[in-house]
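Trainee: Each protein sequence line maps, in turn, to chains A and B. First residue of the first sequence: 1, per the numbering used here; consecutive thereafter. First residue of the second sequence: 1001, per the numbering used here; consecutive thereafter.
Any given hint could be a false lead.
[Stated by the list, open to error] Cross-link-like lysine to any residue pairs, in silico, SDA-like; alpha carbons within 25 Å at most:
1. Lys109/A / Ile14/A
2. Lys1091/B / Ile21/A
3. Lys160/A / Phe1022/B
4. Lys160/A / Val1068/B
5. Lys1087/B / Val153/A
6. Lys87/A / Ser16/A
7. Lys1087/B / Tyr28/A
8. Lys1088/B / Ala155/A
9. Lys161/A / Ala1078/B
10. Lys160/A / Lys1091/B
11. Lys1087/B / Ala97/A
12. Lys1099/B / Leu1082/B
13. Lys109/A / Asn25/A
14. Lys1099/B / Phe1084/B
15. Lys87/A / Ile1095/B
16. Lys24/A / Ala38/A
17. Lys160/A / Phe1084/B
18. Lys161/A / Ile1079/B
19. Lys1091/B / Ala97/A
20. Lys161/A / Phe1022/B
21. Lys24/A / Phe6/A
22. Lys160/A / Ala1069/B
23. Lys24/A / Lys1087/B
24. Lys24/A / Gln1086/B
25. Lys87/A / Ile22/A
26. Lys1099/B / Tyr28/A
27. Lys1099/B / Ala1019/B
28. Lys87/A / Ala1074/B
29. Lys1099/B / Arg1026/B
30. Lys1099/B / Val1024/B
31. Lys109/A / Val98/A
32. Lys1088/B / Phe1023/B
33. Lys1091/B / Tyr28/A
34. Lys24/A / Gly62/A
I should point out that these hints are in silico values taken from the structure, not numbers from a laboratory.
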Amino acid sequence: MAQFLFFLLAIVCIASVLGMIISKNQAYNALFLILAFACMGGFFALLDAPFIAVVQIIIYAGAIMILFIFVIMMINLREGLSPERKKWTLYFALGIAVVLIVELILTMKAAFSPLKSGGIEKIGSPTDIGRLLFTEYLYPFEITSILIIAALVGAIVLVKKRDKE
Amino acid sequence: MIPLSYFLILSAVLFVLGAVAFFVKRDLITMFMAVEVMLNAANLAFITFAKSASSIDGQIIVFFIITVAAAEAAVGLAIILLIFRQKKTIKSEDINLMKG
Chain A
1 MAQFLFFLLA IVCIASVLGM IISKNQAYNA LFLILAFACM GGFFALLDAP
51 FIAVVQIIIY AGAIMILFIF VIMMINLREG LSPERKKWTL YFALGIAVVL
101 IVELILTMKA AFSPLKSGGI EKIGSPTDIG RLLFTEYLYP FEITSILIIA
151 ALVGAIVLVK KRDKE
Chain B
1001 MIPLSYFLIL SAVLFVLGAV AFFVKRDLIT MFMAVEVMLN AANLAFITFA
1051 KSASSIDGQI IVFFIITVAA AEAAVGLAII LLIFRQKKTI KSEDINLMKG
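Construct all of the structure, not just a fragment, from the sequences and the given hints.
Mentor: Next up, the structure:
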């Protein structure tokens, strides 16, 4: 069952990222990406990380992609992006992709052999994550809140219409 | 039980697809989405190794990555909006302010 679920999610995920590469319409791209991120939440759930799976769906597939869709709506390009993309960039990208995937697989091969499925005990419950977040990772947690405030203020200041005239 | 190496290979494939999308696409928004795909591939690798080590620390790291990605998306999209207002385009070829 889990195996079937994994392959289904993997196919949908890779297909939607490929769809993002092929499609020219940015709104469709964002929708494809929401699908891919939802599949990613499924993978996290399969890997005993229910809390991260829920966070992935809510923050990534929800909040961040809504932000993307709002910006696409505001930009509203009348003329579609022209398709005069140069052919060699595609070949260049494919070459880089082949090199990169071989490199990544070779690097990960070293990690495959000691990679066992861990213990049976459940990890990743919200209680455990919360406890660790407020004890061992307290400083990163607080610094993250400062980062978010800075990003919030920065984004507002950047797009604010300046009324100097 | 699914072998954990499958998840790692999937994460590598997704990362490469994100890199390809970044090189092939020509509008800033889709390029930004490609960066998000690469971040997610890294998250998947983190969760896989957390599961392999039966440790929760990998999941905490992913939690932080998601938070930082949210902040990054807010600022990045604000910059894209600003570029669009000033240059009326979001094609990456037309943005050549720093070309000598």
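Trainee: Which hint numbers doesn't this structure obey?
Mentor: 3, 11, 13, 20, 21, 26, 28
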